[in-house]
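Same order as they appear, the protein sequences are chains A and B. Numbering-wise, full-length UniProt numbering puts 239 at position 239 of the first sequence, and it's gapless, one number per residue. Numbering-wise, full-length UniProt numbering puts 152 at position 152 of the second sequence, and it's gapless, one number per residue.
Think of the hints as simulated: they come from the structure by calculation, not from any bench. Just so it is clear, the structure is predicted and the values come from calculations on it, not from any experiment. Beta carbons are placed, not taken as given, at the ideal position from N, Cα and C, and that holds for glycine. Among the clues, some could well be false.
Taking CB as the label site, the calculated pair distances span [to be verified]:
(1) A:Asn177 / B:Leu90: 52 to 58 Å
(2) A:Ala42 / B:Gly111: 23 to 29 Å
(3) B:Gln61 / A:Asp134: 20 to 26 Å
Beyond 10 Å from chain A on every Cβ pair, some chain B residues (computed) [unchecked claim]:
(4) Glu5
(5) Gly123
(6) Met129
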Amino acid sequence: MNPVRLSGRATLRGLRAVGAVALFTLRGLFHLRPLRPRLLAAQIFQIGWLSLPVVALTALFTGAALALQIHSGGARFQASDVVPAIVAIGMVRELGPVLGGLMVAARVASSIAAEIGTMKVTEQIDALVTLSTDPTGWLVTPRLWAAMLTVPVLVGVGDIIGIMGGWLVGTQSLGFNSASYLANSWAYLESWDVISGLIKGAAFGLIVAVSGCWYGMASGRGAEGVGRATKSAVVAAAVGILAANFILTGLFFE
Amino acid sequence: MIRIEGLRKSFGARTVLDGVDLHVGQGESLCVIGQSGTGKSVLLKCILGLEAPDEGLILWQGRPLDRHARPRFLDSFGMLFQGAALFDSLPVWQNVGFRLRQRMSGQKARGIAIEKLARVGLGPETADMMPAQLSGGMAKRAGLARAIADDPQVIFFDEPTTGLDPIRARRINGLIRGIVEETGATAVTITHDMDSVRAIGDSVALLQDGSIAWQGAVADMDDAAPLTGFLGKDTT
Ligand SMILES: Nc1ncnc2c1ncn2[C@@H]1O[C@H](COP(=O)(O)OP(=O)(O)OP(=O)(O)O)[C@@H](O)[C@H]1O
Ligand SMILES: [Mg+2]
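Produce the complete structure using the sequences and hints provided.
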């Protein structure tokens, strides 16, 4: 077939998909009546609290490794003493949100897609409709808000733990003085570094929840359909996070 | 009460419903039979608004069942799904009282839920169990309790006996018949099971090749030519 026509068709299909996801997201976010605080609380527990250990461990090891890297890299131009500042800035602006977001994507996007996909396949979503309850308000809205609210908190906690990871390595094996390491960590950190990272966290949380809900709702028939939905949700969430990170970083710091 | 006129629905090139006309009167119990894959579930989904028909009308109490009328229809509607479709995340009583809890206290809804569970033969100890802890037959009963919890005027049953052994199937048929008679609700049952039809139905409609090939009273069913193949097949 004509290549122009083919690529035109692909572009149209892509645009239509983007539009559909955007609409799905907006509808999910603003389907607020009736308010369902209990469902929101349950999702905050599921998405936020239960992800805490994974995110904390990720941040700890990342901060520690970062300190080692910067120490040896910095030694090449006699600048090993920048370790605390670079660890802090790198964690807060980039690695905290991105790696935290990716860990949440692995844990949460998959479980949301599996849960909603199973509900779809077993007609529980149809049952919601027959019970005069909009599946969007009952399933999607609490998950989107819970993820958007809790992932920044996870990122904040991860930032602190990551910096402490760097501090542990710095003081235990790189010979830094504890008090001056900490003082140097804070000294060069600007509030925008922290805030931009938290905003990234909120965006990544939204991406994770939207991916999970979208693929769950679109899940095909049978267990196979749910399995495929789960896989697609994780891949979409991870790629979405990395792409959004690039765009947001450009917006925030250029 | 419910009237369907010229309903058409295709998925891509495949036409599933090709001009379905169907009527259910107030307080009538209609059974829709038809072979697997003829579009019985699709018909149901069109009525519920889960699938949009390509063409045709669905009337409820003389008015088209559109975006505005459907919420009111659903408020007086209950449905038993094929696999019960209980919400995994909620205990049985909250499943049964799901709709009630939207407008009354949890305590009160729980009381009614336990009453309805008793009506379908489940004891109060099931109220706090999770759906995953129920057997298939129990789940079906709980699904039935949920369908009737808010005293609906219209009840749909999607293959209520599929997957149950004959004894359990007979019990469920008996329950449904009892409930339909007691409440005077209009009932639509989708089934393959001719025993169900005889137990539950006042009238029968045969869905075949995308349209209703025959509709009539259960009493006249044995003389109806279009049903012979179906009857023969299912009673052997
Ligand atoms: N969402 C859909 N997309 C595409 N095809 C569909 C969809 N839903 C149903 N179909 C097709 O429509 C046909 C009728 O399906 P339906 O589920 O209504 O059958 P059924 O009469 O309920 O059968 P059964 O007795 O096995 O439940 C099937 O061929 C099915 O593949
Ligand atoms: Mg079916």
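Going down the list of hints, with the structure as the test:
{"no.": "1", "hint": "A:Asn177 / B:Leu90: 52 to 58 Å", "result": "holds (56 Å)"}
{"no.": "2", "hint": "A:Ala42 / B:Gly111: 23 to 29 Å", "result": "holds (24 Å)"}
{"no.": "3", "hint": "B:Gln61 / A:Asp134: 20 to 26 Å", "result": "holds (23 Å)"}
{"no.": "4", "hint": "Glu5", "result": "holds (23 Å)"}
{"no.": "5", "hint": "Gly123", "result": "holds (23 Å)"}
{"no.": "6", "hint": "Met129", "result": "holds (17 Å)"}
Going through the hint list in order, the structure satisfies each hint without exception.
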